[in-house]
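A.B. asks: Here is how the chains run, residue by residue.
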Amino acid sequence: MLKHLYDTDCVTWSPQGKLFQVEYAMEAVKQGSICLGLKSNENVVLCSLKRQPSELAGYQEKQFKIDDHMAIAIAGLTADARVLCKYMRTECLEYKYTYESHHPVGRLVFKVAEKSQHKTQSGAKRPYGVGLLVAGIDPNGVHLFETCPSGNYYEYKCQAIGSRSQAARTYFESWFHLFEKSTLEQLILHGLSAIKKAIMEDEELNEKNVEVGILGKNLKFTHLNAQELKDYIAKLETFSPNSQIQQE
Amino acid sequence: MSGSMYDLSVATYSQEGRIYQVEYATKAVENSETVIGVKCKDGVILGAEKQKFSRLLEDNTNKRIYNIDLQTGMALCGKLPDGRNILQRAKAESSQYQDMYAIPASAHVLSDRVAQYVHAYTMYSGVRPFGSATFIASYNTFDGYELYMIEPSGNKYAYHACTHGKGRAVCKSEFERRNFKDLTCQEALVYIAKMLILAHEEFKEKKYEYEMTWITDNNGRKHQNVPQDLINNAVQQAEQLIEQDQIGE
Chain A
1 MLKHLYDTDC
11 VTWSPQGKLF
21 QVEYAMEAVK
31 QGSICLGLKS
41 NENVVLCSLK
51 RQPSELAGYQ
61 EKQFKIDDHM
71 AIAIAGLTAD
81 ARVLCKYMRT
91 ECLEYKYTYE
101 SHHPVGRLVF
111 KVAEKSQHKT
121 QSGAKRPYGV
131 GLLVAGIDPN
141 GVHLFETCPS
151 GNYYEYKCQA
161 IGSRSQAART
171 YFESWFHLFE
181 KSTLEQLILH
191 GLSAIKKAIM
201 EDEELNEKNV
211 EVGILGKNLK
221 FTHLNAQELK
231 DYIAKLETFS
241 PNSQIQQE
Chain B
1 MSGSMYDLSV
11 ATYSQEGRIY
21 QVEYATKAVE
31 NSETVIGVKC
41 KDGVILGAEK
51 QKFSRLLEDN
61 TNKRIYNIDL
71 QTGMALCGKL
81 PDGRNILQRA
91 KAESSQYQDM
101 YAIPASAHVL
111 SDRVAQYVHA
121 YTMYSGVRPF
131 GSATFIASYN
141 TFDGYELYMI
151 EPSGNKYAYH
161 ACTHGKGRAV
171 CKSEFERRNF
181 KDLTCQEALV
191 YIAKMLILAH
201 EEFKEKKYEY
211 EMTWITDNNG
221 RKHQNVPQDL
231 INNAVQQAEQ
241 LIEQDQIGE
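Residue numbers (the working numbering), protein chains in the order written: chain A, 1 to 248; chain B, 1 to 249.
Don't take each hint at face value.
What the hints assert, rightly or not - Quick look at which bits of chain A chain B covers, simulated, 3 or more residues with Cβ under 8 Å:
(1) 6 to 12
(2) 17 to 31
(3) 111 to 124
(4) 154 to 160
(5) 165 to 174
Unchecked claim - For lysine-lysine, the following DSSO-like pairs were computed, each having C-alpha atoms within a straight-line distance of at most 27 Å:
(6) 63/B - 115/A
(7) 222/B - 111/A
(8) 63/B - 181/A
(9) 207/B - 157/A
Claimed, not checked - Just a few of them, taken from the derived set where beta-carbon distance is under 7 Å, the chain B residues facing chain A:
(10) 21
(11) 24
(12) 28
(13) 31
(14) 56
(15) 58
(16) 61
(17) 62
(18) 80
(19) 81
(20) 85
(21) 126
(22) 127
If you are wondering where the hints come from, they were derived from the structure by calculation, not from laboratory data.
Virtual Cβ for every residue (Gly too), placed ideally from N, Cα, C.
Given these sequences and hints, build the entire structure.
C.D. replies: Printed below as a string of structure tokens:
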């Protein structure tokens with residue numbers, strides 16, 4: 001099939017009914033470093049692996065607070081993520097001003113998805129090259145959503161996106177049945193264990209290259225600081241999901 | 001089926017008078033999950049199958065059937081982002097109609113507006129056709145129950161039963177066999193479930209969820225989700241029916 005004829009812009013369907021430019025934009029997400037999210041009945045935890053462009057540079061932040069009750073983790077083109085982040089923050093502020101309450105999570109994700117879809121239907125535009133994991137808590141419950149460059153979004157119990165995320169997803173598939181009733185600490189340790197599966201052989205987790213954000217029904221979104229990260233990474237040595245089963 | 005040089009832009013006709021880009025957009029719908037709309041004796045039902053492509057997905061979320069108004073619903077088939085764009089437009093049209101005329105827009109008005117919108121995207125090279133077919137179901141006192149389907153080409157027709165997606169052939173043959181006009185919505189649920197299950201016959205090992213909504217005389221003529229226990233019962237009975245059919249063969 002003459003793929004090159006149909007893959008240069010968003011306004012050309014291929015004979016098989018595919019939009020190649022949108023599929024290529026999804027590849028940009030797979031190139032970003034891994035970030036994952038998991039939730040229990042009370043909390044959501046976001047974990048990401050940060051990359052350092054060079055030895056002299058700092059690490060690229062991957063998690064951004066949108067509001068007290070909502071945060072995102074990004075994988076893909078950081079500049080595109082910044083646009084979506086700004087949009088989400090503005091929407092939350094306006095909602096708070098108008099309705100004096102927190103923006104329902106699902107509705108904001110719908111708006112982001114709608115915005116993303118518009119970029120896939122014009123010849124003069126390109127899709128956003130970033131996938132978001134949106135963690136949020138509202139009266140409907142505890143939520144974790146994934147958004148894609150295509151404008152699709154899904155609600156998950158737990159999900160990992162980015163480079164080598166399949167290893168983390170495999171970990172999740174084995175253990176996600178424990179997450180609902182997990183404590184915050186167990187959730188963080190599960191998240192870090194999953195990320196550990198996805199790092200390269202010569203890399204190791206430390207408080208500089210890992211970012212953990214936590215959100216709870218009575219807990220505004222916060223990042224774990226360097227000391228807390230060090231402690232949790234140390235706890236990883238003795239943590240095993242099996243021990244959680246024995247407790248229950 | 002390649003259109004050689006005439007299929008690269010939606011603003012180009014082929015020599016036989018076809019617009020290939022619109023046909024390719026329709027292909028995107030044909031390869032996606034099945035959606036059904038059926039008018040019964042006492043109402044309309046919309047049903048959709050949803051594949052759980054990951055065990056990590058949350059249950060009973062990721063909807064495909066939405067409310068446009070209290071008594072109007074829309075089901076999306078094909079590429080969901082495109083479908084949601086059409087949905088937002090339909091909601092805006094419905095809201096504007098209500099502001100102007102003080103009555104809710106019925107399906108035949110709404111489908112007309114939506115069809116014009118969908119068609120507009122098939123006329124300019126700077127945009128592309130929607131890869132999504134939408135079903136609109138509604139009730140109002142003047143027109144009763146209505147069901148319309150709008151295709152990526154902008155074509156729209158009123159139906160008593162319609163379907164699109166991978167399993168449309170299976171569903172169409174079931175439509176011919178059974179006269180849904182004689183069944184109440186409650187009775188028809190089993191057959192809707194049966195069609196949705198048969199639609200993914202080749203992918204039996206995967207997990208599926210079923211989303212069904214209805215507007216009936218019994219639920220206040222509002223567009224609402226069918227209660228989950230009724231859906232579960234219908235799915236169970238449908239699986240038994242399918243087994244019996246297979247033993248019969």
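A.B. asks: At a threshold of 7 Å, is the proposed contact between residue 81/B and chain A supported by beta-carbon distances?
C.D. replies: Since chain A brings a Cβ to about 3 Å from residue 81/B, closer than 7 Å, the hint holds.
A.B. asks: Take the C-alpha atoms of residue 222/B and residue 111/A, compute the straight-line distance between them, and say whether it is at most 27 Å.
C.D. replies: Roughly 26 Å separates the two Cα atoms, so the pair holds.
A.B. asks: Answer holds if the nearest beta-carbon of chain A is closer than 7 Å to that of residue 80/B; otherwise answer violated.
C.D. replies: holds (6 Å)
A.B. asks: Taking a Cβ-to-Cβ distance below 8 Å as contact, does the region 17 to 31 of chain A have at least three residues touching chain B?
C.D. replies: Coverage by chain B holds here, the residue count being 3 at a Cβ distance below 8 Å.
A.B. asks: Are residue 207/B and residue 157/A close enough, with their CA atoms no more than 27 Å apart?
C.D. replies: holds (16 Å)
A.B. asks: Tell me if the interface restraint on residue 24/B is satisfied: Cβ within less than 7 Å of some Cβ in chain A.
C.D. replies: Nearest chain A Cβ about 4 Å off; hint holds.
A.B. asks: Answer holds if the nearest beta-carbon of chain A is closer than 7 Å to that of residue 127/B; otherwise answer violated.
C.D. replies: holds (6 Å)
A.B. asks: Is the interface hint for residue 58/B satisfied, with its Cβ closer than 7 Å to some Cβ of chain A?
C.D. replies: Residue 58/B check passes; min Cβ-Cβ to chain A is 4 Å, inside 7 Å.
A.B. asks: Are three or more residues of the region 6 to 12 of chain A within 8 Å, CB to CB, of chain B?
C.D. replies: holds (count 4)
A.B. asks: Taking a Cβ-to-Cβ distance below 8 Å as contact, does the region 165 to 174 of chain A have at least three residues touching chain B?
C.D. replies: holds (count 3)
A.B. asks: Go through the hint on residue 61/B and say holds or violated, using the shortest Cβ distance to chain A against 7 Å.
C.D. replies: Where the cut-off is 7 Å and the nearest Cβ of chain A is about 4 Å from residue 61/B, the hint holds.
A.B. asks: So, as I understand it, the hint says residue 62/B touches chain A; can you test that by seeing if any CB pair is closer than 7 Å?
C.D. replies: holds (5 Å)
The earlier numbered hints are all upheld by this structure, with none contradicted.
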